[in-house]
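Participant: Heads up: the sequence lines are chains A and B, in that order.
Counting in the numbering used here, the first sequence runs from 3 upward without gaps.
Counting in the numbering used here, the second sequence runs from 2 upward without gaps.
Because the hints were derived from the structure by calculation, they are not lab data.
Hints are not guaranteed to be accurate.
No farther apart than 25 Å at their CA atoms in a straight line, the calculated lysine-lysine pairs in the BS3-like style are these [claimed, not checked]:
#1 A:K221 x B:K57
#2 B:K18 x A:K219
#3 A:K219 x A:K229
#4 B:K57 x A:K219
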Amino acid sequence: MKKTIIAGILLAIATIFVAIGVAEISFPETFLTFTDQDWLLNIWPKAYRYNIHVGVGAVIIACALIHPALKLQKDFATRALETLCRVGIGGMFIFASVYKIQDPHQFATLVAQYQFFSALHLDFVNNFFALVYPQFEFWFGLAMIVSPFVKESAFAIFWMFVSFIIALAWALWNDLGITCGCFELEDGNAHDKAEAWTSLIRDLILIWPTLWLAFRKNKSLIGIWKKDKKEVQ
Amino acid sequence: MLGLFCILNNMKEFIQKIKKDGLAYLKSLNWIVLLGIAAFSIALAIINNIRVDDAKSVDWIGSQEILEKPADVL
Numbered sequence: 003m004k005k006t007i008i009a010g011i012l013l014a015i016a017t018i019f020v021a022i023g024v025a026e027i028s029f030p031e032t033f034l035t036f037t038d039q040d041w042l043l044n045i046w047p048k049a050y051r052y053n054i055h056v057g058v059g060a061v062i063i064a065c066a067l068i069h070p071a072l073k074l075q076k077d078f079a080t081r082a083l084e085t086l087c088r089v090g091i092g093g094m095f096i097f098a099s100v101y102k103i104q105d106p107h108q109f110a111t112l113v114a115q116y117q118f119f120s121a122l123h124l125d126f127v128n129n130f131f132a133l134v135y136p137q138f139e140f141w142f143g144l145a146m147i148v149s150p151f152v153k154e155s156a157f158a159i160f161w162m163f164v165s166f167i168i169a170l171a172w173a174l175w176n177d178l179g180i181t182c183g184c185f186e187l188e189d190g191n192a193h194d195k196a197e198a199w200t201s202l203i204r205d206l207i208l209i210w211p212t213l214w215l216a217f218r219k220n221k222s223l224i225g226i227w228k229k230d231k232k233e234v235q
Numbered sequence: 002m003l004g005l006f007c008i009l010n011n012m013k014e015f016i017q018k019i020k021k022d023g024l025a026y027l028k029s030l031n032w033i034v035l036l037g038i039a040a041f042s043i044a045l046a047i048i049n050n051i052r053v054d055d056a057k058s059v060d061w062i063g064s065q066e067i068l069e070k071p072a073d074v075l
């Protein structure tokens with residue numbers, strides 16, 4: 003029991019660090035970030051430039067905390083991690099899809115700025131892709147949280163992450179300087195190259211828990227916490 | 002020469018193992034669920050494009066214009 007409590011505390015702290023890490027990398031200027039705090043900027047005016055470094059550092063600390071939690075109470079930590087990953091990644095995909103579903107035209111404009119389909123001479127696919135992809139994000143994200151089909155939804159989300167990584171690497175390689183369009187739709191025009199970098203780093207981090215989920219047994223979120231029949235016997 | 006042969010042989014075994022495991026994994030997936038969600042998403046995408054305002058909807062087939070990159074992009 004004592005081991006379970008300690009493992010739980012370690013995982014709770016790790017979750018906070020992951021949330022801080024993702025916020026620092028992807029959502030600077032939110033309440034979870036440090037690098038945009040006025041008190042820090044007064045002492046160190048260039049602190050805001052290091053949001054990615056702080057974010058990656060926070061994720062590394064989180065991984066370092068997960069390791070002893072797994073050593074202490076493997077069964078509990080694995081179940082807790084699966085729950086957290088499913089809710090976190092599924093929730094993130096649902097959140098990311100909402101803006102795109104509301105405004106397909108803006109998202110289609112944003113997708114066109116990647117110039118990926120035009121390079122493949124598949125221009126005609128652009129609009130249909132922009133219509134369908136957010137729906138995939140929403141429904142596979144929802145399936146990951148509420149359905150027992152974690153393997154299937156994680157498999158689909160894994161390939162979506164692969165496609166994001168390819169698109170962002172393409173944008174960086176071609177020096178397009180476009181906005182990611184991952185969570186909010188701006189005017190679709192080029193803004194800042196740094197955003198593509200932050201999105202790429204975030205996706206490269208989040209693809210690993212998704213891959214792990216793709217090899218888990220199909221169970222509902224409640225089912226994860228139920229003891230297997232073999233264990234009971 | 003013998004070393005190279007061993008490396009190539011191990012690599013061949015490794016590739017065969019990955020191929021076998023990969024196929025076993027793909028077979029273990031519930032394709033009815035996967036394709037069902039995909040088909041459902043496509044149907045909803047079509048409905049959503051009809052539902053939204055004309056300003057926000059897009060042609061089914063086609064692309065959007067590529068905007069000019071501003072000079073002040075970092």
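Participant: Taking the hints in turn, state whether each one holds.
Facilitator: Hint by hint, here is what the structure shows:
1. A:K221 x B:K57: With Cα atoms ~38 Å apart, K221 (chain A) and K57 (chain B) exceed 25 Å; violated.
2. B:K18 x A:K219: holds, 22 Å
3. A:K219 x A:K229: Roughly 13 Å separates the two Cα atoms, so the pair holds.
4. B:K57 x A:K219: Status violated; Cα separation ~40 Å.
Going down the numbered hints, you'll see the structure goes against 1 and 4, while the others check out.
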